[in-house]
Amino acid sequence: MALLLGLWTSPGVGQAQSGPATQFQLFGHMTSTIEESDGDRFSEFSLGEHDLFVTSQFSPRISFLGEIVVGPLGSSGHGMADYKVSIERSRVKYDVRNWLSVIVGKMHSPVNYWNDVYHHGRLFFPTIDRPQSFGTHIPIHTLGLRLQGQNIGKLKFGYDLVIGNGMSSSDVADNNFQKSITAAVHIKPEKQMRVNLSAYRDVIFSNMVGAHAGHSSNNHYMMGEEGWYPVDLDYELYCFSLWRKWKQWEVLLEGTFNRSGLAASNDPELVAGLPTEKSANTTAFLYAGHKVGKRGQLYVLADRCRTQDVDLHLKSNDQLKYGIGWQHWFTPFVKAQVQLERHTGRDGFEMPADDKLEAKFRIAYCMQ
Amino acid sequence: MRTILLTFALLWAQGSFAQDPVVVANGTGQTNWTDGQIMAVFNGERTIWPSGLPAVVVLPASESDSFEKTAVWCFDTDGFEYQKHWLSLVFQGRTAPPVFVDSEQDVLEYVKEHPGAIGLLHVVEAPSNIRLRLK
Numbered sequence: 113m114a115l116l117l118g119l120w121t122s123p124g125v126g127q128a129q130s131g132p133a134t135q136f137q138l139f140g141h142m143t144s145t146i147e148e149s150d151g152d153r154f155s156e157f158s159l160g161e162h163d164l165f166v167t168s169q170f171s172p173r174i175s176f177l178g179e180i181v182v183g184p185l186g187s188s189g190h191g192m193a194d195y196k197v198s199i200e201r202s203r204v205k206y207d208v209r210n211w212l213s214v215i216v217g218k219m220h221s222p223v224n225y226w227n228d229v230y231h232h233g234r235l236f237f238p239t240i241d242r243p244q245s246f247g248t249h250i251p252i253h254t255l256g257l258r259l260q261g262q263n264i265g266k267l268k269f270g271y272d273l274v275i276g277n278g279m280s281s282s283d284v285a286d287n288n289f290q291k292s293i294t295a296a297v298h299i300k301p302e303k304q305m306r307v308n309l310s311a312y313r314d315v316i317f318s319n320m321v322g323a324h325a326g327h328s329s330n331n332h333y334m335m336g337e338e339g340w341y342p343v344d345l346d347y348e349l350y351c352f353s354l355w356r357k358w359k360q361w362e363v364l365l366e367g368t369f370n371r372s373g374l375a376a377s378n379d380p381e382l383v384a385g386l387p388t389e390k391s392a393n394t395t396a397f398l399y400a401g402h403k404v405g406k407r408g409q410l411y412v413l414a415d416r417c418r419t420q421d422v423d424l425h426l427k428s429n430d431q432l433k434y435g436i437g438w439q440h441w442f443t444p445f446v447k448a449q450v451q452l453e454r455h456t457g458r459d460g461f462e463m464p465a466d467d468k469l470e471a472k473f474r475i476a477y478c479m480q
Numbered sequence: 003m004r005t006i007l008l009t010f011a012l013l014w015a016q017g018s019f020a021q022d023p024v025v026v027a028n029g030t031g032q033t034n035w036t037d038g039q040i041m042a043v044f045n046g047e048r049t050i051w052p053s054g055l056p057a058v059v060v061l062p063a064s065e066s067d068s069f070e071k072t073a074v075w076c077f078d079t080d081g082f083e084y085q086k087h088w089l090s091l092v093f094q095g096r097t098a099p100p101v102f103v104d105s106e107q108d109v110l111e112y113v114k115e116h117p118g119a120i121g122l123l124h125v126v127e128a129p130s131n132i133r134l135r136l137k
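Heads up: the protein sequence lines correspond to chains R and P, in order. Taking the numbering used here, the leading residue of the first sequence gets 113, the next gets one more, and so forth. Taking the numbering used here, the leading residue of the second sequence gets 3, the next gets one more, and so forth.
What the hints contain is simulated information worked out from the structure, not anything from laboratory work. These numbers come from a predicted model, not from an experiment.
To spell it out: a stretch of chain R is covered by chain P in this simulated footprint if at least three of its residues, at any positions, have a beta carbon under 8 Å from a beta carbon of chain P; those stretches are:
#1 163 to 176
#2 198 to 210
Here are the simulated SDA-like pairs of lysine to any residue, each with C-alpha atoms no more than 25 Å apart in a straight line:
#3 P:Lys137 <-> P:Val126
#4 R:Lys403 <-> P:Asp78
#5 P:Lys71 <-> R:Val404
#6 R:Lys291 <-> P:Gln94
#7 P:Lys114 <-> R:Gln169
#8 R:Lys359 <-> P:Trp75
#9 R:Lys266 <-> P:Val74
#10 P:Lys86 <-> R:Ala133
#11 P:Lys86 <-> R:Val307
#12 R:Lys218 <-> R:Glu161
#13 R:Lys266 <-> P:Pro52
#14 R:Lys357 <-> P:Phe82
#15 R:Lys357 <-> P:Leu91
#16 R:Lys268 <-> P:Asp37
#17 P:Lys86 <-> R:His402
#18 R:Lys427 <-> R:Leu469
#19 P:Lys71 <-> R:Trp358
#20 R:Lys266 <-> P:Leu136
#21 P:Lys114 <-> R:Pro172
#22 R:Lys300 <-> P:Thr79
#23 P:Lys114 <-> P:Asp37
#24 R:Lys218 <-> P:Gln94
#25 R:Lys300 <-> P:Gln39
#26 P:Lys86 <-> R:Gly261
#27 P:Lys86 <-> R:Gln480
#28 R:Lys403 <-> P:Phe77
#29 R:Lys357 <-> P:Cys76
Per label pair, the in silico range of CB-to-CB distance:
#30 R:Ala311 <-> P:Lys137: 39 to 45 Å
#31 P:Asn131 <-> R:Thr443: 36 to 42 Å
#32 P:Asp37 <-> R:Leu452: 41 to 47 Å
Positions of the beta carbon are idealized from the N, C-alpha and C atoms, including for glycine.
Build out the structure end to end from the sequences listed, making use of the hints.
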């Protein structure tokens, strides 16, 4: 327990370091679920992602950050017991100035607050699950080059400019000249407040779902599936985030607007008959929590995801989730969370409207 | 009457002897600082000193009284929330983790020996050559 309560390492006063200062942490979680859908009931205990988090200081200005995740293979396969290993982040950072850092490697795309701040850290998640947009519209990773500045001026302005492999690429190769581009800015006008705006652009080649598209991709057209066309798609994403903590309250609002449509690189004969207009898809996520006592928080959430019929990359849908939950921190390194949520939506789309009620319980932790 | 005088004396003593913490740092390249600038370092927002050295935040053990006081001074919260703040900041990859040592005396020794290091002392006396002046 003493190890848990003392953050990171205590190097000892005056102790000489002969190599990089390297620190390890393990983030993990366990979840149990009770679900009722169309009169059927289901329950499970599940061992979730376990995330080996590594930071290393090569020199005063050059550092490394890595995340290796062992996670369940297939988020919806109830009968599956397999796990996969994935390098989720591996990046080297050079701090040039307070207003400029250069980062290379695989990173979380800084398109919105959630992806930039929480990602695999279930301990930090305000709700049990990520917003639904993470399975659809959010390009969660980018492998490439990033310029970053933060806490500039009175408004604590920050920026991130990223060029990297796109959504159809893998962690090993991209096989084309075109690269994804992310431009994100944020300000922190108050101590516990951040406002984010971002734009992301990419070309998805052959409509492939690569390593950097959303987690749990039930909503993507997969190769060979009805409705899947091997065409190149222009992909644009615009995100807005607002995070604010004041007094006993905490609020997070995430909104996205996404357009995709046929790219100019397609053979006109091949794409004849396909929709020529771009889709206009939206997602919105709201979390509002109120602190109860020193360690507890009561919260509500609402999560809406809408994808139009003309979209060639994602199956059309109109889904809504809302719920209520409670979280309790035992120490800064362990918390328990319980959440009751209702899934619903509109019929008439390729993804049928969910109609289910779920109760979830989770313990999330960090070891070092 | 004696009670009133005693109460005044106690209030005066409390006001006179309640001291602001002393900021100690090594090799910042600047003498005068504002509270806000130093708090920004302790909150992980400022990472490089004017001298060009990276800022290394040195904190006493998280269960110590000194850690609680540091959290209140620089983050206006308790040690629990301050620890969560740092854990999250490092996970985001936005700053290097702080260095934790056992006591305030160790904070002082670490700062003396490591250029770029900064610490906050509430009890232990610090030599004037490594004290930062706050405007």
